[in-house]
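Participant: Based on the sequences and whatever the hints tell you, model everything.
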Amino acid sequence: MKRLTIVLSLLIGLSMLLGACAPATATPAPATAATQAPAAAATDTPAVAAATNTPAGPTAAPATPTTTPFPVASCQAGKTCVRWYVGLGTGTNEVQIPVEQEVVNDFNTSQDKIQLILEIVPNASAIDTLSTEIASGNGPDIIGPVGWAGSNAFHGQWLDLKPYISKVDTSIYNPALVKWYETSEGDVGLPFAVYPSALFYNKAIFDSAGYNYPPAKYGDKYKMPDGTMVDWSWDTLAKVAQALTTDKNGKNATEAGFDKNNIVNYGFTWGFENHVNYVGSFWQSGSLVAADSKTAQIPDAWKAAWQWTYNGVWGDQPFIPNNNYEQSLNNGGNPFDGNHVAMIDNPVWYTCCMTHVTTDGSDKSPADWDIGAMPTYNGKVGGRIDADTFRIWKGTKNPQAAFDAMYYLETTGVQKLIIGSAAEPAPYGAFPARTADQAAWLAAKKVAFPAVQNWDTLVAGLNYPDSPSAESYMPNFSEAWARGKTFYSLIITSPIDLAKEEQTFQTDLQAIFNKAQ
Amino acid sequence: MENLIRLPKTGSPETIRNMGPLARREFRNGLLFISPWIIGFLVFTLFPMLATLVFSFMNLRLTDNPLDPSKFVGLHNYAALLKDAQVWNIRPDSTPGSLWVTIRYGLIAIPVGILLPMGIALLVNNPALKGQNFFRSMFYMPYIVPFVASIFLWAGVLNPEFGWVNMTLLALGVPRSDLPGWINDINWVYPAYVLLGIWGIGNAMLTMLAGMQAVPTDLYDAAKVDGAGSFARFAYVTFPMISPVVFYNLILSVVALFQYFLVPLALNTGNAAGFPGGATMFYNLYLYRTFFVFQNMSYGSTLAWALFIIILIVTVALFATARYWVYYAGERQ
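Protein chains in written order, with my numbering: chain A, 1 to 517; chain B, 1001 to 1333.
Misleading hints may appear alongside valid ones.
[To be verified] Taking CB as the label site, the calculated pair distances span:
{"id": "1", "chain 1": "B", "residue 1": "P1066", "chain 2": "A", "residue 2": "G361", "range": "54 to 60 Å"}
{"id": "2", "chain 1": "A", "residue 1": "G156", "chain 2": "B", "residue 2": "W1037", "range": "53 to 59 Å"}
{"id": "3", "chain 1": "A", "residue 1": "T355", "chain 2": "B", "residue 2": "M1141", "range": "40 to 46 Å"}
{"id": "4", "chain 1": "B", "residue 1": "L1042", "chain 2": "A", "residue 2": "D112", "range": "50 to 56 Å"}
{"id": "5", "chain 1": "B", "residue 1": "A1051", "chain 2": "A", "residue 2": "T109", "range": "44 to 50 Å"}
{"id": "6", "chain 1": "A", "residue 1": "K500", "chain 2": "B", "residue 2": "A1329", "range": "52 to 58 Å"}
{"id": "7", "chain 1": "B", "residue 1": "L1067", "chain 2": "A", "residue 2": "G156", "range": "52 to 58 Å"}
{"id": "8", "chain 1": "A", "residue 1": "G156", "chain 2": "B", "residue 2": "L1082", "range": "41 to 47 Å"}
{"id": "9", "chain 1": "B", "residue 1": "W1037", "chain 2": "A", "residue 2": "Q111", "range": "31 to 37 Å"}
{"id": "10", "chain 1": "B", "residue 1": "L1082", "chain 2": "A", "residue 2": "S208", "range": "56 to 62 Å"}
{"id": "11", "chain 1": "A", "residue 1": "G361", "chain 2": "B", "residue 2": "P1175", "range": "47 to 53 Å"}
{"id": "12", "chain 1": "B", "residue 1": "L1082", "chain 2": "A", "residue 2": "N105", "range": "53 to 59 Å"}
{"id": "13", "chain 1": "B", "residue 1": "L1067", "chain 2": "A", "residue 2": "T412", "range": "38 to 44 Å"}
[Said to hold, decoys possible] Keeping only pairs whose Cα atoms sit at most 27 Å apart, straight-line, the calculated DSS-like set for lysine-lysine is:
{"id": "14", "chain 1": "A", "residue 1": "K397", "chain 2": "A", "residue 2": "K113"}
{"id": "15", "chain 1": "A", "residue 1": "K294", "chain 2": "A", "residue 2": "K179"}
{"id": "16", "chain 1": "B", "residue 1": "K1130", "chain 2": "B", "residue 2": "K1224"}
{"id": "17", "chain 1": "B", "residue 1": "K1071", "chain 2": "A", "residue 2": "K294"}
{"id": "18", "chain 1": "A", "residue 1": "K364", "chain 2": "A", "residue 2": "K294"}
{"id": "19", "chain 1": "A", "residue 1": "K303", "chain 2": "A", "residue 2": "K260"}
{"id": "20", "chain 1": "B", "residue 1": "K1071", "chain 2": "A", "residue 2": "K397"}
{"id": "21", "chain 1": "A", "residue 1": "K500", "chain 2": "B", "residue 2": "K1130"}
{"id": "22", "chain 1": "B", "residue 1": "K1071", "chain 2": "A", "residue 2": "K394"}
{"id": "23", "chain 1": "A", "residue 1": "K416", "chain 2": "A", "residue 2": "K446"}
{"id": "24", "chain 1": "B", "residue 1": "K1224", "chain 2": "A", "residue 2": "K294"}
{"id": "25", "chain 1": "A", "residue 1": "K113", "chain 2": "A", "residue 2": "K446"}
{"id": "26", "chain 1": "A", "residue 1": "K79", "chain 2": "A", "residue 2": "K397"}
{"id": "27", "chain 1": "A", "residue 1": "K217", "chain 2": "A", "residue 2": "K445"}
{"id": "28", "chain 1": "A", "residue 1": "K248", "chain 2": "A", "residue 2": "K260"}
Simulated from the structure, these hints should not be mistaken for laboratory data.
In this text the structure is predicted, and so the values were computed from the model without any measurement.
Glycine included, C-beta positions come from ideal geometry on N, C-alpha and C.
Facilitator: What follows is the structure in structure tokens.
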């Protein structure tokens, strides 16, 4: 009996041990299939982080985020140690990390006073990890690459770099981009990677409709099929897009008998510019918070942009795919890449995902797309630039050393991180902000897409930054940003009373801002 | 011997002092054996609960020091909650608040979640049904499928473009323009969620079936003698006798409703939170996002305690109604 008890106890103990080591299983659902929120449920990727998590370009390897803990080097005695935190934006996939480590090694061997230490945190947990590190007073020194939205989640935590920037040569950058980082928190960064927006168009759809391509030069007029020259405005784009939107019978949206329930090709989509702030900024730079930093507002130009979008999706002559179509499988969730949309407005990182816009729809054939100038609203171009840079935590104990290391990353490090070479492709797939580096990047793009002609149009887009950025700070930024994304999803999902929803949106924004008081 | 091993009925110090040596040792060993649970309860349940209660009176973000006394703001968060349009606003013709989203969904989901399993239990309890065990197993089987897996399976089934449901409707002659958008459509997302929830009714069906099988057959015989038809037998015999089980499932359903979370998180948060257009911003999802995504620990804690109070009130109200419709055979009237 005693032996049996011992054996049973051992078996139970062993099974408990094995049970503890087994992977967790999902909790079964109760009666209505509703489930309780686990206390430590995995965080969904916040919109702000996703917005800056740029897909790797065609020269980079597939973006497979790392999920295993990254070993952090220990600080060597006698050196000033500077931690570089990667995770809020791009930089965490497994082909990016070795290059980042290589750049760190290069910096560490280039001098003997500072030791740069790489700290990789998976994007999904990067915000939480950084928050915890900052709360414990153990924040990293350098954080990045990170976009505006990602860094705004930590508004108030960034070091004003003015005293350090004043000692370095900033003439190597486009002055508009340097000025861009002068914020209410001070000079929070230097330009590193930029992604100007441009109008990408499908040449085959234009050709089949007999329409001219969008102008390649900013300021040029557009030639309609009847030969008239008109301003390349958003209204013009809408007219062209309607003519390029065709149903299953081959009729376009401007023709009688057009079947808007069976559209085959659309004229335009916002693609990844899927936020009301982005759409609004293409009409005119602005902000959802008034100058007092407390009051919610909606610029009139933004309302006009949203109305234009709404009409494009739900009007009698639609030319923008609604959400269902955007997400449908037969377009791979990406209608432009599926050869079903004539024009898309996106930042340059989108070149990653246009490999099927080719003469035969296969990614082996030559590209059949090109780049056009952004249209105007009231005679002015409202461009938009996505940008990643590095920030320094204001609690850093070694601000000068941190700035020196950061400056290295933004100058010397660019060669490996952004430009790359044939033997070692750049891991970030970004457009270098430093003017001198841009030619090499463009040369690489020309090799990747030999049929694309208008790369200069892309570069010219740098002259039209959204200032303030579409992702500029709002009180309670992450929540306000998420509310804007939800509102955009509403616009493209269902027919609504847009004016009423704008009022609701503004009321909610005010409540969100108030929570930050 | 009985005195030596008898454990005290209460844990008062006096009782413990009066214990014999063996009883005291067994009491100590008992405490030792349950100490992992006690420690776990204190550290992982009670302490976090109390911490969130304290947080709800502070203005605390994840980057703040929780021991900073300047962060105390009294009842500010509760006052903000009472004015939070994202919680309370009914807005029948616009983007609703999260509590109204939850209630609106519950108005469809709870009746379906109670009546459907009851109906299925009635069917599989019918002696005329051949292969009762087979059907009972089949209806229960989806319940043992990991829920997240079934969520994604249903996301495919309900896909507006290529899902089985819409493909079938298309084959039946429904015009493409009239096909439901399901989880992508603000008007169809709740029916889609309810459809998905039906997948998990096996447990409710099983408890109701057990309740039906416990009804004494002589009650049915007596009802038949009195001339009761099948509906009358259900209304006056079956339902009263299984009403405790129905009540149990109703309580579980209501609590689960207010904690509804996993489906909207898994299906509709990747695109935009509360997608489409805020229609799936359930209260618990709003709470979760406030706490973990927006890192507003204080307001998230306030939302959590408000949820606790709401569930408590609703549950107490349901218990108050129980005396009018729940029949306990063993209870003295």
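Participant: Decide, hint by hint, whether the structure agrees.
Facilitator: How the hints compare with the structure:
no.: 1; hint: B:P1066 to A:G361: 54 to 60 Å; in the structure: holds, 56 Å
no.: 2; hint: A:G156 to B:W1037: 53 to 59 Å; in the structure: violated, 42 Å
no.: 3; hint: A:T355 to B:M1141: 40 to 46 Å; in the structure: holds, 43 Å
no.: 4; hint: B:L1042 to A:D112: 50 to 56 Å; in the structure: holds, 51 Å
no.: 5; hint: B:A1051 to A:T109: 44 to 50 Å; in the structure: holds, 47 Å
no.: 6; hint: A:K500 to B:A1329: 52 to 58 Å; in the structure: holds, 54 Å
no.: 7; hint: B:L1067 to A:G156: 52 to 58 Å; in the structure: violated, 20 Å
no.: 8; hint: A:G156 to B:L1082: 41 to 47 Å; in the structure: violated, 28 Å
no.: 9; hint: B:W1037 to A:Q111: 31 to 37 Å; in the structure: violated, 56 Å
no.: 10; hint: B:L1082 to A:S208: 56 to 62 Å; in the structure: holds, 59 Å
no.: 11; hint: A:G361 to B:P1175: 47 to 53 Å; in the structure: violated, 28 Å
no.: 12; hint: B:L1082 to A:N105: 53 to 59 Å; in the structure: holds, 56 Å
no.: 13; hint: B:L1067 to A:T412: 38 to 44 Å; in the structure: holds, 43 Å
no.: 14; hint: A:K397 to A:K113; in the structure: holds, 15 Å
no.: 15; hint: A:K294 to A:K179; in the structure: holds, 24 Å
no.: 16; hint: B:K1130 to B:K1224; in the structure: holds, 23 Å
no.: 17; hint: B:K1071 to A:K294; in the structure: holds, 21 Å
no.: 18; hint: A:K364 to A:K294; in the structure: violated, 52 Å
no.: 19; hint: A:K303 to A:K260; in the structure: holds, 25 Å
no.: 20; hint: B:K1071 to A:K397; in the structure: holds, 25 Å
no.: 21; hint: A:K500 to B:K1130; in the structure: violated, 57 Å
no.: 22; hint: B:K1071 to A:K394; in the structure: holds, 21 Å
no.: 23; hint: A:K416 to A:K446; in the structure: holds, 19 Å
no.: 24; hint: B:K1224 to A:K294; in the structure: violated, 73 Å
no.: 25; hint: A:K113 to A:K446; in the structure: violated, 40 Å
no.: 26; hint: A:K79 to A:K397; in the structure: holds, 13 Å
no.: 27; hint: A:K217 to A:K445; in the structure: holds, 19 Å
no.: 28; hint: A:K248 to A:K260; in the structure: holds, 9 Å
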